Every structure is written in C-alpha cells, then in structure tokens.
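J.: Okay, here's what each chain looks like letter by letter:
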Amino acid sequence: MGRLIRPILLILSLAVGSLLVPQRAAAAPEDLAAGLALIAKDSFNDTIAGIDAIARSGAAHSAALVEALQDRRLLIDTANKKVFYRDAAGAVRDAQSNEIVAAPPADLSAVRLNNRVRGVANAALGTLSLMNPDPARRIQAAQAVMKSRDPAALPVLDAALAAEKMPNVKAELQLAWAAVTFSKADVPLEKRLQAVAYLQEAGTRDAVSILRSLPADAAAPLREAANKAVSSIEQRLALWGYLQNIWYGISLGSVLLIAAIGLAITFGVMGVINMAHGEMVMLGAYTTFVVQEIIRSNAPGLFDYSLALAIPLAFLVAGGIGVAIERGVIRHLYGRPLETLLATWGISLILQQAVRTAFGPTNREVGTPQFMSGAMEIGGLVITWNRLYIVIFAGLIFVGLLLALRYTPLGLHMRAVTQNRRMASSMGIRTGRVDALTFGLGSGIAGLAGVALSQIDNVSPNLGQSYIIDSFLVVVFGGVGNLWGTLIGALSIGMANKLLEPYAGAVLGKIILLVAIIVFIQKRPRGLFALKGRAVET
Amino acid sequence: MITRALLADDRTGRWFLAIVLGLAVIVPILHLAVPETSAFHISTATLALLGKYLCFALLALSLDLVWGYCGILSLGHGAFFALGGYAMGMYLMRQIGSRGVYANPILPDFMVFLNWKELPWYWYGFENAWFAFLMVMAVPGLLAFVFGWFAFRSRVTGVYLSIITQALTYALMLAFFRNDMGFGGNNGLTDFKDILGFPVQANATRAALFAASALALALGYLVARAIVASRLGKVLVSIRDAESRTRFLGYRVEHYKTFIFTVSAIMAGIAGALYVPQVGIINPSEFLPANSIEVVIWVAVGGRGTLAGAALGAVLVNFAKTTFTTGFLAPYWLFALGALFVVVTIWLPKGILGKFNDLWERWRPSPAEKSAPKPEPMPQLAE
Numbered sequence: 001m002g003r004l005i006r007p008i009l010l011i012l013s014l015a016v017g018s019l020l021v022p023q024r025a026a027a028a029p030e031d032l033a034a035g036l037a038l039i040a041k042d043s044f045n046d047t048i049a050g051i052d053a054i055a056r057s058g059a060a061h062s063a064a065l066v067e068a069l070q071d072r073r074l075l076i077d078t079a080n081k082k083v084f085y086r087d088a089a090g091a092v093r094d095a096q097s098n099e100i101v102a103a104p105p106a107d108l109s110a111v112r113l114n115n116r117v118r119g120v121a122n123a124a125l126g127t128l129s130l131m132n133p134d135p136a137r138r139i140q141a142a143q144a145v146m147k148s149r150d151p152a153a154l155p156v157l158d159a160a161l162a163a164e165k166m167p168n169v170k171a172e173l174q175l176a177w178a179a180v181t182f183s184k185a186d187v188p189l190e191k192r193l194q195a196v197a198y199l200q201e202a203g204t205r206d207a208v209s210i211l212r213s214l215p216a217d218a219a220a221p222l223r224e225a226a227n228k229a230v231s232s233i234e235q236r237l238a239l240w241g242y243l244q245n246i247w248y249g250i251s252l253g254s255v256l257l258i259a260a261i262g263l264a265i266t267f268g269v270m271g272v273i274n275m276a277h278g279e280m281v282m283l284g285a286y287t288t289f290v291v292q293e294i295i296r297s298n299a300p301g302l303f304d305y306s307l308a309l310a311i312p313l314a315f316l317v318a319g320g321i322g323v324a325i326e327r328g329v330i331r332h333l334y335g336r337p338l339e340t341l342l343a344t345w346g347i348s349l350i351l352q353q354a355v356r357t358a359f360g361p362t363n364r365e366v367g368t369p370q371f372m373s374g375a376m377e378i379g380g381l382v383i384t385w386n387r388l389y390i391v392i393f394a395g396l397i398f399v400g401l402l403l404a405l406r407y408t409p410l411g412l413h414m415r416a417v418t419q420n421r422r423m424a425s426s427m428g429i430r431t432g433r434v435d436a437l438t439f440g441l442g443s444g445i446a447g448l449a450g451v452a453l454s455q456i457d458n459v460s461p462n463l464g465q466s467y468i469i470d471s472f473l474v475v476v477f478g479g480v481g482n483l484w485g486t487l488i489g490a491l492s493i494g495m496a497n498k499l500l501e502p503y504a505g506a507v508l509g510k511i512i513l514l515v516a517i518i519v520f521i522q523k524r525p526r527g528l529f530a531l532k533g534r535a536v537e538t
Numbered sequence: 001m002i003t004r005a006l007l008a009d010d011r012t013g014r015w016f017l018a019i020v021l022g023l024a025v026i027v028p029i030l031h032l033a034v035p036e037t038s039a040f041h042i043s044t045a046t047l048a049l050l051g052k053y054l055c056f057a058l059l060a061l062s063l064d065l066v067w068g069y070c071g072i073l074s075l076g077h078g079a080f081f082a083l084g085g086y087a088m089g090m091y092l093m094r095q096i097g098s099r100g101v102y103a104n105p106i107l108p109d110f111m112v113f114l115n116w117k118e119l120p121w122y123w124y125g126f127e128n129a130w131f132a133f134l135m136v137m138a139v140p141g142l143l144a145f146v147f148g149w150f151a152f153r154s155r156v157t158g159v160y161l162s163i164i165t166q167a168l169t170y171a172l173m174l175a176f177f178r179n180d181m182g183f184g185g186n187n188g189l190t191d192f193k194d195i196l197g198f199p200v201q202a203n204a205t206r207a208a209l210f211a212a213s214a215l216a217l218a219l220g221y222l223v224a225r226a227i228v229a230s231r232l233g234k235v236l237v238s239i240r241d242a243e244s245r246t247r248f249l250g251y252r253v254e255h256y257k258t259f260i261f262t263v264s265a266i267m268a269g270i271a272g273a274l275y276v277p278q279v280g281i282i283n284p285s286e287f288l289p290a291n292s293i294e295v296v297i298w299v300a301v302g303g304r305g306t307l308a309g310a311a312l313g314a315v316l317v318n319f320a321k322t323t324f325t326t327g328f329l330a331p332y333w334l335f336a337l338g339a340l341f342v343v344v345t346i347w348l349p350k351g352i353l354g355k356f357n358d359l360w361e362r363w364r365p366s367p368a369e370k371s372a373p374k375p376e377p378m379p380q381l382a383e
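Respectively, the protein sequence lines represent chains G and H.
Sequential numbering from 1 applies to the first sequence in the numbering used here.
Sequential numbering from 1 applies to the second sequence in the numbering used here.
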C-alpha cells in the first residue's frame with residue numbers, strides 16, 4: 001500500500017511545490033508533523049520512516065532538515081518530544097515552523113545515526129535536491145540518485161526532467177532517470193530500452209556496472225540490448241584508454257625531450273659527454289624553488305608569475321655554471337671523450353653534494369601556479385594542465401633551438417666549428433668562445449628543463465640522476481648531432497614506454513625498452529638519424 | 001716456471017705479487033694467532049674491510065684489462081661483479097637449509113614469504129658448491145660474451161658502448177629489484193650461515209676467505225699479465241690505439257674484443273663471488289650505474305693500463321672512502337670523490353703508478369729497463 005501511495009504523494013507534492021513555491025510549506029504539513037514525531041522517538045526504524053515522511057511533506061526546509069540530520073545537527077528535546085535543528089549559521093530553529101527559537105531548551109540531543117539511516121538520508125536528500133535552485137546542487141543530486149538507484153525517486157525525476165531548462169543538468173537528470181528506470185522491474189519494456197540507450201550514450205564505467213546489474217530473469221530483448229550496450233561502451237572506453245595512453249606517451253616524451261635536448265647540444269654538436277647534465281636540470285629546479293621562496297615571503301600575490309621569473313633565472317644559473325665548467329675543466333679534455341665523461345661525472349657528484357649541503361637531502365616543495373593546476377576532460381580523456389604546459393614548453397624550446405642554430409650568428413658559428421674546427425678558426429671564429437657558449441647554451445636549456453620538471457617531480461639533489469641515463473639513451477637512440485633525431489627519439493621512447501606499461505607493468509616495461517634500445521644500437525650503432533660521411537670517423 | 005717467465009721483465013708485478021701473497025699469509029696470522037690485546041691484532045671488522053678491498057682490487061684489475069689495454073670503457077662492470085655475487089649468494093642461501101626463519105628446507109625465506117610453492121628452475125643446482133662456482137664464472141662470462149659479440153660485431157665503440165653498458169647494468173638493476181624475479185627483490189640475499197660446511201661468521205672462515213681473495217687477486221694478475229704480454233695483448237693495445245688500422249691489417253677486431261671482454265667479466269664475477277660471503281649480503285644496489293662508474297675512477301687513479309695500478313687505485317680510493325665516510329668528514333666524501341675524478345683526468349691521466357713509472361724512468365734508466373716493454377703510452381683515443 002505505502003509503496004504505491006508514496007510516489008503518488010511525491011508527485012502531488014512536487015507538482016504543487018514546483019509550481020508555487022510559497023505554497024510548498026503548506027503542501028502536506030501533516031506529513032511533516034508525522035515525520036518529526038517519528039524522528040522524535042529516536043529509534044533507527046522510526047527515523048527512517050520519518051525521513052521518508054519529511055521528504056514527501058514538500059516543506060521548503062525539508063532538505064535543510066535532512067541535511068541537518070546527516071550532520072548531526074537535528075536535535076531532539078526528549079522531554080517534550082519536539083524536534084529542532086541548528087542551521088548552517090548556528091542558530092537553533094524549530095523543525096516544524098522553521099522559525100528561529102530565541103531560547104532553545106537546555107537538554108537537546110542529536111538524532112542518532114547509523115549507516116542505514118545515512119543511506120536513506122542520502123537518497124532522500126538526492127531526491128529533495130533535484131529541484132534545488134542551484135544547478136550545481138541539482139547535478140549533485142542527480143548523481144546521487146544515479147548511485148542509489150532509489151525507485152522512489154522516479155516520479156520526482158520525471159517532474160524535474162520536465163521542469164529542467166539547463167542542458168547539462170538535464171543530461172545528468174536523464175542519466176539518473178535511465179539508471180533508475182533500467183533497474184526497476186515494473187517499468188514498461190520500451191521505457192527500459194530507452195534507458196539502455198541513454199546509458200549507452202553516457203558510456204561511463206558507472207553505466208557499464210548498471211547495465212551489468214540486470215538480473216538473469218529479465219526479458220530477453222532487454223538483456224540483449226543491455227549486452228550490446230555494454231560491449232559498445234567497453235569498446236569506446238578501450239579506445240579512450242588507448243588515447244589516454246598515447247597522451248601519457250606524448251607527455252613522457254616531451255619530458256624526455258626537455259631533459260635530453262640540452263644534452264643533444266653538448267653531446268651531439270660538441271661531442272662532449274656531459275654527465276653533469278642531470279645536475280644542471282637539478283640546479284634549474286632549485287632555482288625555481290628559491291625564486292618561489294623569495295616570492296612567498298615578499299610578494300605572495302605574484303606567485304602565479306613565479307615560473308615566468310624562474311625560467312630566465314634558471315637559464316642563467318645553469319648556463320653560467322656550464323660556461324664555468326667548460327672553461328675550467330672540459331677545455332682541457334677535448335678529443336678525449338671518455339675522460340670528459342669521468343671528469344663531468346666528478347663534477348656532478350660535487351654539484352649534488354653542494355646542493356645537498358645547501359638545501360638538505362630531503363625533497364623541497366615547489367608549488368604549482370593556479371593556472372597550471374587541475375585538469376581538463378575531452379571525452380574520456382583527462383589532461384592535466386601542468387603536463388599540457390610542459391608539452392607546449394618542450395615544443396617551444398625545440399623550435400627555439402632549431403631557429404637559434406639556423407638563424408643566429410652563434411648558431412652559424414656553432415655549426416661551422418662542428419663541421420671543421422680548424423677551418424672555422426682560420427676564418428676568424430674564436431672557437432674557444434664558441435665552445436664555451438655552446439656548452440653554456442646546452443646547460444642553460446637543462447636549467448629550463450629543471451623549471452619544467454620541478455612541476456611534476458620531486459625536487460631533491462637526486463633529481464638529475466634519475467634523468468641522465470634516459471637522456472643519454474634518447475640522444476644515442478635518435479642519433480648524435482641531429483635535433484630532429486632527439487625529438488623523434490624522445491617521443492618514440494616515451495610512447496613505447498607508456499604503451500608497454502599497461503601490458504608489462506612499469507618496471508618490466510622499462511626493462512624491455514632498455515633491452516630494445518641496446519639491441520637497436522647493435523643494428524644502427526649511430527642512432528636513427530646518423531651523420532654520414534667523414535665527420536663520423538673523427 | 002711460467003710465472004717466472006712472465007715476471008722476468010715486470011718489476012712492478014714482482015712487487016705486487018709479493019705484497020698480495022704476503023698479505024694472504026700475514027693478515028690471517030695476525031687475525032687468528034695474535035692475541036686481541038696485542039697492537040698487531042687485526043680485528044674481524046678490519047679483516048672484512050681488507051677482504052672487501054681485495055675484491056674491489058680484482059674488479060678494478062678486470063676493468064683495467066678491457067679499458068686500459070683495449071680501450072673499451074665499460075660502465076657496466078658492476079653488473080658482472082653483482083652477477084657473480086648473486087650466484088654465490090644463491091649457493092649460500094641454499095646452504096641455510098631449514099635454519100631460516102620459516103625453516104623451509106628447500107625454499108629461501110623470501111620465497112616462503114612471497115608464498116612461492118617451489119624453487120624456480122634457475123635456482124636448481126645451486127645447492128652444489130661446484131655448480132655454483134661454475135655459475136659464478138659462467139653467468140657473467142656468458143652475458144659478456146653475448147653482449148660483446150653483438151656490440152663489437154656491429155662496431156659499437158667509444159661513448160656509445162659506454163652508454164649501452166650503462167643501460168645494461170641499469171636494466172639489470174631494475175630487474176633484480178622486482179620481487180617476481182626470484183632473487184629477493186629489494187632486500188637481496190642475506191642471512192648466510194655456511195660456506196662449504198664452515199660457518200661464514202667464524203674467524204677462521206673469514207681469514208680463509210681473505211686468503212682466498214688475495215690468491216684470486218694474485219692469480220687474476222698473472223692471467224691478465226699473461227694476456228697483455230702475449231701477442232694477443234699486443235693486438236689488443238693496437239686496437240685501443242688505432243682500431244680501424246688494426247682491422248685493415250687483417251685482424252678480426254671483434255673477436256679480440258669479445259674475448260677480452262668475456263675474460264674480464266669472468267674476473268669481475270669471481271671478485272663479486274668472493275665479496276658476498278665477506279660482507280654477508282648482496283642486493284640490487286650493487287647494479288647501480290654509479291657503482292660501475294666508481295670502479296672506473298679506481299682504475300684511473302691507480303693508473304690505467306698498468307694492472308697493478310688498478311688494484312692499487314681500488315685499495316686507495318676505498319681506503320679514503322672508508323676514512324671519509326666513517327668520521328666527521330662524511331658530508332665531504334662526495335666532494336673529495338668528485339674532485340678526484342676531475343683532478344685525475346686532467347692532471348694525472350696515467351694515474352699514480354703511471355706517474356711513478358715516468359719519474360722512475362727519468363731518474364734511473366737502468367739497462368734492465370731497456371728490454372722491458374715501455375709503459376703503455378696513453379691512447380689518443382682514435383674514434
């Protein structure tokens with residue numbers, strides 16, 4: 001009996017309530033009073049019945065009452081069997097009349113809750129909020145209904161759907177309606193098929209789990225439709241998952257690119273093995289940290305611009321140290337690449353320890369500016385802003401470097417010295433200066449990489465070490481002396497890594513990749529895009 | 001006989017062997033026979049430390065063989081060392097038997113802990129000491145042979161080779177860190193009890209292990225010396241100094257390189273195997289690329305292409321490391337090590353022993369020296 005009456009009453013109350021808001025309070029005052037009386041008894045079963053009664057009373061403050069119940073703000077005056085609640089502002093109101101009580105009774109106790117009560121309250125609140133004037137709340141309510149799939153909400157949903165104007169809210173309501181309708185056995189078949197269509201269109205994992213929940217004795221056409229919908233959704237989800245992996249691959253590839261491209265300059269153009277390259281990246285990250293610390297303590301309002309400030313500074317710091325290293329050490333070791341490797345390894349140890357001494361061995365926190373936090377969704381694809389910015393940043397650095405090598409005097413000199421050092425020197429190019437500047441440029445770019453990596457990785461003295469092997473592999477894989485090779489190398493290694501991960505796991509995927517690169521080097525000992533001709537043998 | 005022939009014109013080698021063999025006798029005696037109250041007594045900790053140095057010296061010797069004489073800068077020799085160590089560790093694990101925490105007679109503790117039901121196939125045979133000792137040499141040797149065969153045949157040289165050897169040890173490190181590999185994952189292999197029936201922790205066993213390390217070092221030196229003094233050794237040096245020219249003269253460069261790389265890896269494996277029972281643990285951090293690079297600096301400090309110098313460098317650098325890292329100087333160790341890398345490569349390209357030999361020759365050009373092979377000239381790495 002109650003099962004039938006309740007929806008009817010709900011429709012009635014809502015139909016009236018939604019048309020004429022002021023009259024809502026008067027819709028079914030007896031329900032409100034009955035509900036409150038039940039709650040005043042403070043037994044779980046009565047509370048549940050009370051919540052239902054309040055929900056169908058249509059009183060304007062019924063949502064506030066259920067919310068108060070959830071937050072343990074619904075209070076009982078046990079002596080007089082009267083119910084009060086404390087509103088969000090802290091004032092005590094009479095639950096029946098919704099008026100502020102100036103002098104509340106002394107011994108008010110909160111209504112007791114258990115999980116069953118909470119569940120019913122949640123569902124009731126979901127239903128009640130479906131008509132909330134705030135669209136965000138309506139969406140929330142629709143999602144709550146979709147989760148609970150409470151059949152009692154169906155009439156309210158119908159009413160809410162009819163009244164809804166905003167398309168995005170309407171979509172959510174429709175989905176909730178589909179979820180409830182699909183699960184309800186006594187709804188006509190065509191409506192349930194319609195629900196399947198809606199769910200299929202939504203195409204989320206929730207929709208799959210709803211479609212899967214169909215009991216085995218459901219009508220054959222419905223079961224068939226549901227199965228079809230599930231497979232279609234799963235196909236779509238797999239496609240999105242695949243796209244997501246590709247995005248992860250691009251993202252990792254751009255990180256590798258950003259870490260390796262400075263190395264491509266020093267290693268590729270100059271033939272210098274700079275094992276301290278990773279430490280230049282680390283210095284860039286620490287520069288970002290220092291800039292942010294200064295901004296935090298002096299001008300917190302400028303925090304969003306901290307990266308814009310850190311970028312040139314990191315370039316200068318890392319580049320300056322790079323020039324110093326080149327003039328101090330590497331200059332003496334030209335033509336002895338293996339010795340250069342050892343000496344720069346020594347420098348990397350010194351730099352690491354210096355940073356450890358200055359900043360401590362633990363991770364330092366680098367903040368993310370407002371505009372770079374959060375994520376956006378395209379279909380089933382989630383793209384975090386910081387990753388997107390890093391991809392863009394990597395692309396800018398790459399293009400900038402290409403242009404610099406091609407169109408600036410320094411780029412011209414660099415290429416000249418690379419091709420024929422003695423001839424360039426005879427033409428009046430100061431090769432020593434070009435070497436120093438080239439090394440500085442490579443190191444400075446490593447510093448820029450540090451700014452980017454500080455956004456996604458731990459800023460610790462070991463930051464550089466974790467990238468150095470990968471960076472070398474990228475450069476060697478792509479081919480020395482060719483920036484395009486580095487780009488392709490970084491992207492393909494990043495992509496291969498992320499596409500292997502779902503099948504092999506992160507560590508095994510990495511191992512497979514390393515072995516694959518080792519094997520690849522056997523096939524093409526000088527990388528994808530090898531320099532040809534005499535330059536190779538020198 | 002052969003030894004005498006080998007050492008006839010190797011003054012440094014005679015000194016080196018005399019010192020190493022002397023240590024093999026004297027140190028165990030000082031440890032076992034001299035009472036603890038005496039100033040000459042060597043404590044257990046010192047003995048273990050000295051044993052460790054000797055293993056490192058053998059590792060450095062093996063690297064010097066490929067780097068100093070053939071110009072192959074391997075940044076992955078730590079991997080061969082660790083593989084030898086793991087083979088030994090597996091033998092020692094099987095010797096624990098039912099004395100482990102879970103008292104499983106077959107499975108090592110970590111496998112019981114991971115709920116493994118039976119021994120993986122690659123653990124078969126390791127309860128047998130001879131099989132394990134064979135594997136100590138076979139596993140690193142085979143890996144080096146296969147790796148070297150492919151790399152040298154495709155003429156991967158110089159820096160490229162260094163980087164892929166580094167990638168090799170890195171990949172192995174990641175692999176051994178995984179629990180499903182069946183090598184104890186993160187924790188590695190430890191809690192050893194017996195070796196060849198003797199308790200690992202006993203003083204006499206430790207002394208014997210030390211003597212064995214010294215003997216292995218001496219033997220390793222003789223083998224290396226025999227190789228570099230032979231005609232084959234001359235070809236190796238010529239490959240180091242002018243690879244293309246050697247190839248054009250008709251030598252199969254890749255065969256020589258693969259041979260020396262494999263021999264060197266086997267020596268490194270033996271060093272690792274002797275290292276493990278003395279320190280009592282082997283874990284994947286031995287595969288760290290940084291460790292392998294550190295071996296290179298031992299060789300560079302002592303003197304590249306001098307064999308004895310490499311061993312000397314290993315002992316000196318590790319002695320410095322112990323001194324630095326156990327005192328108030330600890331935070332400065334990396335500064336010192338880093339500076340060492342820079343200083344040695346720029347100002348001491350021949351290392352300590354090379355410098356010493358140079359000075360010796362300048363001041364005392366004795367007739368005996370004339371017939372001796374000159375200290376190998378430092379390569380102007382032809383690439």
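Treat the hints loosely; a few may be bogus.
[Unchecked claim] Looking from chain G toward chain H, a few residues come up when the C-beta cut is under 7 Å (computed):
1. N462
2. S466
3. M495
4. L499
5. L500
6. V515
7. P525
8. L528
[Stated by the list, open to error] Reference listing, derived: stretches of chain H covered by chain G, where coverage requires no fewer than 3 residues with Cβ under 8 Å from a Cβ of chain G:
9. 148-160
10. 164-177
11. 294-301
Keep in mind that the hints were calculated from the coordinates and are not lab data.
Quantities reported herein were computed from a predicted structural model and do not represent experimental measurements.
Glycine included, each C-beta is placed from N, C-alpha and C at the ideal position.
J.: Any hints this thing doesn't respect? Which numbers, in order?
T.: 1, 2, 3, 4, 5, 8
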